[in-house]
Amino acid sequence: MAKVTLVEAVTMAMDHELGHDKDVVIMGEDVGINGGVFRATKGLAQKYGDDRVIDTPLAEAMIAGMAVGMSTQGLKPIAEAQFMGFIYPMVEHIVCHAARMRNRTRGRLTCPLVIRAPYGGGIHAPEHHSESTEALFAHIPGLRVVIPSSPTRAYGLLLAAIRSPDPVIFLEPKRIYHWSKEEVDDDGEEYPLDMCYVIREGEDVTLVTWGAMMKETLEAADKLAEQGVSAEVIDVATVSPLDMDTIAESVAKTGRCVIVQEAARHCSVSSEIAANLADQGLYDLNAPVKRVTGYDVIMPLFKMEKKYMPTTDRILKAVNQVLEVS
Amino acid sequence: MTTVASFNIDYLQYLTPNGELVGDKKPPIAGDFDKLKSIYELMVLTRTFDTKAVALQRTGKLGTYASCLGHEAVHIGIGAAMSEKDVFAPMYREYGTQFYRGVKMSEVLNYWGGDERGSNFSGPQHDFPWCVPIATQCTHAAGAAMAMKLRGAKRAAVSVVGDGGSSKGDFLEAINAASAFTLPMVLMIVNNQWAISVPRKKQSSGRTLAQKGVAGGLPSIQVDGNDYIAVYTAVRAALKRAYEGKGATVIEAITYRLSDHTTADDASRYRPDDEVENARQFEPIKRMRKYLMNNKQWNEQLENQLIETCKKEVNEAVDEYLSAGNPGVASMFDYMFEDMPHTLEAQKQYALALEGSDSEEKSNG
Numbered sequence: 002m003a004k005v006t007l008v009e010a011v012t013m014a015m016d017h018e019l020g021h022d023k024d025v026v027i028m029g030e031d032v033g034i035n036g037g038v039f040r041a042t043k044g045l046a047q048k049y050g051d052d053r054v055i056d057t058p059l060a061e062a063m064i065a066g067m068a069v070g071m072s073t074q075g076l077k078p079i080a081e082a083q084f085m086g087f088i089y090p091m092v093e094h095i096v097c098h099a100a101r102m103r104n105r106t107r108g109r110l111t112c113p114l115v116i117r118a119p120y121g122g123g124i125h126a127p128e129h130h131s132e133s134t135e136a137l138f139a140h141i142p143g144l145r146v147v148i149p150s151s152p153t154r155a156y157g158l159l160l161a162a163i164r165s166p167d168p169v170i171f172l173e174p175k176r177i178y179h180w181s182k183e184e185v186d187d188d189g190e191e192y193p194l195d196m197c198y199v200i201r202e203g204e205d206v207t208l209v210t211w212g213a214m215m216k217e218t219l220e221a222a223d224k225l226a227e228q229g230v231s232a233e234v235i236d237v238a239t240v241s242p243l244d245m246d247t248i249a250e251s252v253a254k255t256g257r258c259v260i261v262q263e264a265a266r267h268c269s270v271s272s273e274i275a276a277n278l279a280d281q282g283l284y285d286l287n288a289p290v291k292r293v294t295g296y297d298v299i300m301p302l303f304k305m306e307k308k309y310m311p312t313t314d315r316i317l318k319a320v321n322q323v324l325e326v327s
Numbered sequence: 002m003t004t005v006a007s008f009n010i011d012y013l014q015y016l017t018p019n020g021e022l023v024g025d026k027k028p029p030i031a032g033d034f035d036k037l038k039s040i041y042e043l044m045v046l047t048r049t050f051d052t053k054a055v056a057l058q059r060t061g062k063l064g065t066y067a068s069c070l071g072h073e074a075v076h077i078g079i080g081a082a083m084s085e086k087d088v089f090a091p092m093y094r095e096y097g098t099q100f101y102r103g104v105k106m107s108e109v110l111n112y113w114g115g116d117e118r119g120s121n122f123s124g125p126q127h128d129f130p131w132c133v134p135i136a137t138q139c140t141h142a143a144g145a146a147m148a149m150k151l152r153g154a155k156r157a158a159v160s161v162v163g164d165g166g167s168s169k170g171d172f173l174e175a176i177n178a179a180s181a182f183t184l185p186m187v188l189m190i191v192n193n194q195w196a197i198s199v200p201r202k203k204q205s206s207g208r209t210l211a212q213k214g215v216a217g218g219l220p221s222i223q224v225d226g227n228d229y230i231a232v233y234t235a236v237r238a239a240l241k242r243a244y245e246g247k248g249a250t251v252i253e254a255i256t257y258r259l260s261d262h263t264t265a266d267d268a269s270r271y272r273p274d275d276e277v278e279n280a281r282q283f284e285p286i287k288r289m290r291k292y293l294m295n296n297k298q299w300n301e302q303l304e305n306q307l308i309e310t311c312k313k314e315v316n317e318a319v320d321e322y323l324s325a326g327n328p329g330v331a332s333m334f335d336y337m338f339e340d341m342p343h344t345l346e347a348q349k350q351y352a353l354a355l356e357g358s359d360s361e362e363k364s365n366g
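These protein sequences, in sequence, are chains R and S.
Quick note: the first sequence, position 110, residue 111 per my numbering, numbers continuous.
Quick note: the second sequence, position 134, residue 135 per my numbering, numbers continuous.
Isolated chain R, as found in the complex:
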């Protein structure tokens, strides 16, 4: 079994599906011979040909529009937005067509497509390369928004996304593309969508996160363990639709919850989780729900990006606040 990074697991999943389903095609800017700017499609054009791994003209609306058209005609396109900052010309097609094609035709036409985009900050990238705007898509009915936080889940969730009969926005936390290696068996086993994953069990506090913030959250959980605090860590994985049951069950056990996200705070996925806890889990809570998030500011250029992003210390501070309430 190979030890792979998150981005290698992404490649493995696409390689697997290209090999097993002739309807799967990849399209995007530089996804061909170059293998993508992060090498997520490395070697795939060479292996499957430029009819299956398609370098497109530099036109994001066209990529998304064509993906809509291709998917209605039975293909399963995996379209790449080179960075999430360039996904916005695609939004019209995602919101006005992909998300609603099944509903508006009563199931006559469907859009089984995946839009992949590397997202998030922390890699010293230029302007427009570091934002986390998953909540924009999480708000849209008819979309699934999926974010892996480890190589195994990247492989399994991307397989499920490609096989999904409905559109999936698959956001890849590029800061942890190379963070850790895991043994990933290329067995074609998917990780189900629409559910959260409890990746570390604990008794005293529930830490809820997704994407690259998993790194700081796990570091915080390790430090808490040294202090004798047992933290349960949940990877939300599918941020829309949200599996609140898993989160609420955990909070029923621990009585305390801290939500960690890189995105700006206002109207975010953490807002939705906190609101649902206020509804479903208020009487299980021993302390207020705390959120550790980016600020409601423009994502700063890289000189200041570390000051914007939640840190392990900020998470620990929030956890200590909720632990202090007796």
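Worth flagging that the hints you see were computed from the coordinates, not collected in a lab.
All clues given are correct.
Calculated lysine to any residue pairs in the SDA-like style (CA-CA distance at most 20 Å, straight line): (1) S:Lys169 x R:Pro58; (2) S:Lys155 x R:Gly75; (3) S:Lys105 x R:Gly108; (4) S:Lys349 x R:Gln281.
Guided by the hints, dock chain S onto chain R, whose structure is given.
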């Protein structure tokens, strides 16, 4: 200085407004009177339908409706030139094309009557539904054409935009995609001179809109959009080219929007009456009737019979539409995903409970 590229835009017309054939080469369709009579009948049916739909809106029985008055030749010309296996990506007023392809009049009414079931229409099941976000259908058609190309099928996709839509990125990006990938598609511009209140000349100072295709390296022509024979011939040739793997064509059909933009619009606010009156002498149905009469293929009696038949058919469609009922509360939820997330299932149960067990709507679901 050297010229590295040059272009010209041809204009195709066979039928003059007086119904006379012009040009040296007569296309075979010009002599196929049985076919032309059936086309004429569909043109009249489409106009009868259109008139009725506007009346339904005026009497509160239909929502906002986009009329196709004056577009009958170009719309039906596209429909007749296409084959069933092709994919049609309309904007939102190409009923003539869609009727030719088997979409029912009651389904069009359902759509403008505020009912999603209208877009689950009859005819080729791979055709796209009406597309309100302007020009986005063009890149969808490019995607459909890409699917055909990858599968090696002798099929093509046909998209329609208006003169306003030709200003949008998706139209230009679709031209570019069709060029870069040599896609089997036809990009129609139905230039009816008005994008709601904005006249053609404000969309672009280019002499033609067809020449936008030239920028993408596509063969691009203008046709008289009120001349069925010209539209049919041009679209047919473009499709043949697409089937042969030679790529896409841009066709600008010149016509005129004789109606308001939609029933929510009042064109008298921005458009002089004499311009509309002048345009009526070029309209397509009169022209086709004259051609058929000039050739002793049509007469007053046939015309009267046709009008009666059309009225009857339209009234039946209206009855069907008016008796369709509501799609039901469950239907808001049931088509969101193939596998309904349990959070959505909970919302559905909540909404159904609000309806009560004896809801009339439920029985129509």
